[in-house]
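Use these hints to put chain B onto chain A, whose structure you have.
Sequence lines, in order, name chains A and B. Here the first sequence stands for residues 5 to 119, where the numbers follow my numbering. Here the second sequence stands for residues 307 to 418, where the numbers follow my numbering.
Within a straight-line C-alpha distance of at most 25 Å, the following computed DSS-like cross-link-like pairs (lysine-lysine) qualify: (1) B/Lys-410 / B/Lys-374; (2) B/Lys-358 / B/Lys-374; (3) A/Lys-11 / B/Lys-405; (4) A/Lys-69 / B/Lys-405; (5) B/Lys-366 / B/Lys-410; (6) B/Lys-413 / B/Lys-366.
Stretch by stretch, here's where chain B covers chain A in the computed footprint (C-beta under 8 Å, at least three residues): (7) 42 to 55; (8) 94 to 100.
Since the hints were made in silico from the structure, they are not lab data. Since we're looking at a predicted model, the values are computed, not measured. Where is the CB? At the ideal position from N, CA and C, for every residue including glycine.
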Amino acid sequence: SAVISQKPSRDICQRGTSLTIQCQVDSQVTMMFWYRQQPGQSLTLIATANQGSEATYESGFVIDKFPISRPNLTFSTLTVSNMSPEDSSIYLCSVENQGANAGYTFGSGTRLTVV
Amino acid sequence: GNSVTQMEGPVTLSEEAFLTINCTYTATGYPSLFWYVQYPGEGLQLLLKATKADDKGSNKGFEATYRKETTSFHLEKGSVQVSDSAVYFCADTQGGSEKLVFGKGTKLTVNP
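If we strip away everything but chain A, and leave its shape as in the complex, we get:
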């Protein structure tokens, strides 16, 4: 299975500021996924990031709030912009494995607290 390095693992940020989260994969993958896990809740897909094209956002999420970069097949960033306390969540990236280990690997997550 792919191995994902996600950072930062946690951060405490002031409202109105922005935070960029990075995910590095040890192999080339076509699609990367970004999820949000609000406190005590399940995971919600924010967007799907393809290399060389704009990310596809799910209902309720917009590019201005969550801009995503995908400069190559092993790397992606998610920025949480103009943060408010409601953005306090765990953010995770994910990739789909190929072949015999099909399934999805997740990064270790970024625990964001906005004060």
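Below, chain B alone, put in the same frame as chain A:
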């Protein structure tokens, strides 16, 4: 649309008890089905999966069978351990898509 419904928690069991966490899905066609586990303070890990009807996924003593007729993928373990304490998420892929849809999660606590 596609949704995944799993048993509400929290679930508290004694060590060596039998565990069942129910999960049903609404996706049409033949989605792939997954159970993920999140141990305290850790990231999400794939526990087991099944990709076609009647497949049984198994790992670490846990198992789940893909039941097309009841659109279910219930998680079972015959004898739980304290180390199984975690949050368990059922998930599926939307038919024909790589997007994962998650259930709300079930927190399991196993007491010695």
